[in-house]
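Q: These protein sequences, in sequence, are chains C and B.
Just so we're aligned: 1038 in my numbering is position 176 of the first sequence, and the numbers increase by one with no gaps anywhere.
Just so we're aligned: 614 in my numbering is position 586 of the second sequence, and the numbers increase by one with no gaps anywhere.
Read the hints as simulated data drawn from the structure, not as lab findings.
By construction, the Cβ of each residue, glycine as well, lies at the ideal position given by its N, Cα and C atoms.
Check the hints yourself; a few may be wrong.
Covered, in the sense of this in silico footprint (three residues per stretch, anywhere, with C-beta under 8 Å from a C-beta of chain B), are these stretches of chain C [unchecked claim]:
# : stretch
1 : 866-877
2 : 918-929
3 : 936-945
4 : 1012-1020
5 : 1040-1048
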Amino acid sequence: MRVNFTVNGRQQEADDVWEGESLLYVLRERMGLPGSKNACEQGECGSCTVRLDGVPVCSCLVAAGQVEGREVVTVEGLADYAKHREDAHPGTGCASGACGTTLDAAKRWEARPTDGRTGEAAELAPVQQAFIDAGAVQCGFCTPGLLVAADELLEQNASPSDADIREALSGNLCRCTGYEKILDAVRLAAARQEETV
Amino acid sequence: MGSQTRATTAPSGSPTSIKQGSKTRGGIGESTLRPDGTLKVTGEFAYSSDMWHEDMLWGYTLRSTTAHAEIRSIDTSEALATSGVYAVLTYDDLPTGMKNYGLEIQDTPVLAHGRVRHHGEPVAIVAADHPETARRAAAKIRIDYAELPVITDEASATAPGALLIHENRDDHHIGHVPHPNIVHRQPIVRGDAAAAAERADVIVSGDYVFGMQDQAFLGPESGLAVPAEDGGVDLYVATQWLHSDLRQIAPVLGLPEDKIRMTLSGVGGAFGGREDLSMQIHACLLALRTGKPVKIVYNRFESFFGHVHRHPAKLHYEHGATRDGKLTHMKCRIVLDGGAYASASPAVVGNAASLSAGPYVIEDVDIEAVALYTNNPPCGAMRGFGAVQACFAYEAQMDKLAAELDMDPVEFRRINAMEQGTLLPTGQSCDSPAPVAELLRLVKSRPLPPEQQWLAAGEQADVRALPGGLSNTTHGEGVVRGVGYAVGIKNVGFSEGFDDYSTARVRMEVINGEAVATVHTAMAEVGQGGVTVHAQIARTELGVSQVTIRPADTQVGSAGSTSASRQTYVTGGAVKHTCENVREKVLELGRVKFGTYHPAWATAELLLEGGKVVTDGGEVLADIVDVLENESVDLELEWRHRPTEPFDLRTGQGNGHVQYSFAAHRAVVEVDTELGLVKVIELAVAQDVGKALNPLSVLGQIQGGTTQGMGVAVMEEIIVDPKTAKVRNPSFTDYLIPTILDTPTIPVDVLELADEHAPYGLRGIGEAPTLSSTPAVLAAIRNATGLELNRTPVRPEHLTGT
């Protein structure tokens, strides 16, 4: 079957999709967007979390056909999504789909030069930078899913308590960090968000 | 650092820090950020499961549905006839006479031949154009099994007439084991435990059971094999030791090692679970057979069968002590279940035995550790490696003794704490700082978290803070609090005479007018942050700010394994050593070019700092750029830590370990005694790291290790049916690892007492925090409930007696 949907603000079309294929498989293997991770593929670990019409979901549990005509944001689009949320749609995100990434911008994004030492030169969503700065990234396999979930939390709740953060991220397993640095990162992103308001 | 974390300076009288190199920005001791951080937060970092190649096929493994059976026949014809299938391979298709592999003992079949020995053993492999096609084709392979009785424990393994798991053993342990179903046995006898027991005022004994833990790294076993025009293969894979894989792959494929080019692709955690091969040979076989690139990615179910686990253990301990709290003796027997294949079992036995007395002064010991061959899932390396199981038992014993003597458990431990110079059961002297008492003091001196925090918000209980959380099972009625302590000792690096070396290649040149260092090693970056500290070491030693870390591959010499807390020590040591030699070459060039201009070139001790050649007095002699100009310096060197020696097979005596690492925990738990639910409130940890090369990464390792230890205390266990030896819970639905809601605040105290034998004085850190975390949580639950609790993980039925 053919599936038409929007990924990170761009219209996409996937052909020859099997009925049983998950959104995760289509993103990773057909769209060339491997950022969403395949750790358990049964909705238990949150590594494949994406936003579907703004709502965080495990993309491994979403059948590809279910996303027909809908909007998906993956970790690859998080920086752009956050930028538009702040610039054009304060507080509401980009769910209208009216602010897609141009092809030129997408190409620039793919070729983004990074400072080999700190990554400071890259254009990142605040929550992405906070994860780096707080040491919340180790092996990093849980990171994309956590970032999508944490970004959505901060969109809904600009100054979450620790209990709020724990509740919001309880569907995302991390095996490396012991979660302390992840808490630090979300607190840091929230604090920086407050500073800029 | 988080607000909960404090760094502590060394207590007075401790060794001073080791002399360090330059003060170039981004050097050792700074919390520089990960060089791969940006790629990892943008989703661009290429993990092994993200590899993609045009015209690529998908591999799939058919695994045995039974734990022990003869294979009468395998019929692959229907699978092979499936549209989209390119190859179906079994044992008969292996290209050479070498059909097994293994880390030390080559007893693991690439594909089962004649017999399967554990549930989930690989029997056939399929390559197809879509992963679902491969799965469906594999389901059409018909295997005729003749079931055999399963061997699941020591009694069934050594029973008269028991089937031998490996009937024709010829490994070098067979000569000294009491039964062929025992992989390895290590006794340690020192002093006279029986005579010492006569001096004891109290003697306590206990039997302890440690469940089977899984590494549960998030990135599944995966990789891509690409056939090459020269008849070889390029393999991109997540592993812990490229060269060890290569050594095992090449003979099976019948290719010389230089025809198999391995590159590390992104590793999503390891924790010991990637020391053994998983899909490496299978992907290469399928690629060479089909002539097409083949990618294999395990799903989570398969991952539980695709790697070895932590050895479950049964431990019997006896300790004695005098009325004033001095340990008199210790006897113990540790039985580790190694499962169907040897993997790292022999080394795990050596560790369990040699570290079985813990960080305590006990002169008279009688120790025995064995690992069994059974039909249970194979067990091997996991964070803590044999020391974890022992720590769980000896720390429970310390609490029992303290209770028997009516002493404070921390005070009892302090009285017996080892220190620098203490002899271990192996007779080896601990010749670097061993701040056991100080680590315990640090965790004990922290203020306790406030009681009944669920009431903090007001009259309504905040159920999120209660055991059971949002399940809304209690409002605090049956909740009691407990506090427990534990401390542990772990060896660092490979022991027992292993040639534990690493290789680093370092190049220094001028690029775009700036001096740049390039570091190339085969070290597997599995998330621990080795790539970060290698750049820091190069900056420190070479005085440059720009350092490029080349991807790890087999084009450079072996780095050894990313395990045993050894990589910063050994590969870090190799990078330091090579940088020092590169620096000498640079200074040599400088002397030739500029030596006549200033006498300091010949007379002073020279350093590279901030892109310049400077004297130890701080005088600048030249820019490195001017020294190098168009020349480059390029060296590849090996580096070894001081040698170790094997343990005597009869007495266990020998200088078997190179370094020790120590951590202590205090756990605060709340237990709902009605429902049998546990919530860990806080898990404070103190650890000596020798020298924190990257403080932020150090904290991440300590907190992560602590959480894995907590996991096995309260939830993590692979459950194997004792009647069938089948795994009951191979999924993240049924094998639980701690979520952010299960994991408490983890405040950390870091000590930096330099080990004068190690590079920069550092101490391997990754494993020690996993040891004492488990017994501390158990001690706290015992303290809260008054129950004996000799088994981990603790389950609700253990707490409610149901």
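Q: Decide, hint by hint, whether the structure agrees.
A: Comparing the hints with the structure gives:
Chain B is given as covering the stretch 866-877 of chain C, and this is violated because 0 residues of the stretch bring a CB closer than 8 Å to a CB of that chain, at least three being needed. Chain B is given as covering the stretch 918-929 of chain C, and this is violated because 0 residues of the stretch bring a CB closer than 8 Å to a CB of that chain, at least three being needed. Restraint check on the stretch 936-945 of chain C versus chain B: 5 residues with Cβ-Cβ distances below 8 Å, three needed, restraint holds. Figure legend: the stretch 1012-1020 of chain C, annotated as covered by chain B; annotation inconsistent (0 residues with Cβ-Cβ distances under 8 Å, at least 3 required).
Counting residues of the stretch 1040-1048 of chain C whose C-beta lies closer than 8 Å to any C-beta of chain B gives 7; at least three are required, and the coverage claim holds.
Of the numbered hints listed earlier, those contradicted by the structure are 1, 2, 4.
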